[in-house]
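Student: Just so you know, the numbering used here puts 131 at position 107 of the sequence shown, and the rest follows in order with no gaps.
Everything labelled a hint here was simulated from the structure, so no lab data went into it. These figures come from a predicted structure and were not determined experimentally. Positions of the beta carbon are idealized from the N, C-alpha and C atoms, including for glycine. Some clues are possibly wrong.
To be verified - In silico DSBU-like cross-links for lysine-lysine, where the CA-CA straight-line distance does not exceed 35 Å:
(1) LYS41 / LYS83
(2) LYS89 / LYS50
(3) LYS50 / LYS117
(4) LYS90 / LYS41
(5) LYS50 / LYS77
Unchecked claim - Restraint-style ranges between C-beta atoms, simulated for each label pair:
(6) GLY44 / GLY74: 19 to 27 Å
(7) LYS98 / TYR64: 30 to 38 Å
(8) SER72 / ASP95: 17 to 25 Å
(9) TYR64 / ALA94: 28 to 36 Å
(10) SER113 / LYS137: 31 to 39 Å
(11) SER26 / LYS98: 35 to 43 Å
(12) SER26 / ASP95: 31 to 39 Å
(13) SER72 / GLU40: 20 to 28 Å
(14) GLU80 / SER26: 27 to 35 Å
(15) PHE130 / GLY74: 18 to 26 Å
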Amino acid sequence: MSKREELIAKYAADLEKKCGMTPDMKLLTAVTIGCGPSIYNADACTVSAGDPKELERVKKNFLIKKLGLADSPKLDEGIAAVIEIYGKSNRNKYRAVVYYLLVKHFRKASSYK
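With the sequences and hints as input, model every part of the structure.
Tutor: Listed below in structure tokens is the structure:
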């Protein structure tokens, strides 16, 4: 099993255990690949939900640039909803899982086809 496959399995387990959902493995794999080399970097592979600058980067670089969503309060609400699903008390929020949840929340799976 490659390092990426191991990480995807870890992300799938997080979605099942912490979010209570069965992941769409094809979409999770596509989102993980879309994260690029950041998944291998100890700092970049997670999202700091308590850091407003980090959440702003997620909004600008992922929701607006990657998914093509228009900037609005709905984006902040979507990020907050995803953080709530993942668990505010959960310290390690993997970037690929947060992005996967955002793709599902905003119904933008078509961005990965």
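Student: All the hints need checking, so say for each whether the structure fits it.
Tutor: Hints versus structure:
no.: 1; hint: LYS41 / LYS83; in the structure: holds, 25 Å
no.: 2; hint: LYS89 / LYS50; in the structure: holds, 22 Å
no.: 3; hint: LYS50 / LYS117; in the structure: holds, 20 Å
no.: 4; hint: LYS90 / LYS41; in the structure: holds, 27 Å
no.: 5; hint: LYS50 / LYS77; in the structure: holds, 30 Å
no.: 6; hint: GLY44 / GLY74: 19 to 27 Å; in the structure: holds, 23 Å
no.: 7; hint: LYS98 / TYR64: 30 to 38 Å; in the structure: holds, 32 Å
no.: 8; hint: SER72 / ASP95: 17 to 25 Å; in the structure: holds, 21 Å
no.: 9; hint: TYR64 / ALA94: 28 to 36 Å; in the structure: holds, 32 Å
no.: 10; hint: SER113 / LYS137: 31 to 39 Å; in the structure: holds, 34 Å
no.: 11; hint: SER26 / LYS98: 35 to 43 Å; in the structure: holds, 37 Å
no.: 12; hint: SER26 / ASP95: 31 to 39 Å; in the structure: holds, 37 Å
no.: 13; hint: SER72 / GLU40: 20 to 28 Å; in the structure: holds, 23 Å
no.: 14; hint: GLU80 / SER26: 27 to 35 Å; in the structure: holds, 33 Å
no.: 15; hint: PHE130 / GLY74: 18 to 26 Å; in the structure: holds, 22 Å
Violated hints: none; the structure is consistent with every hint.
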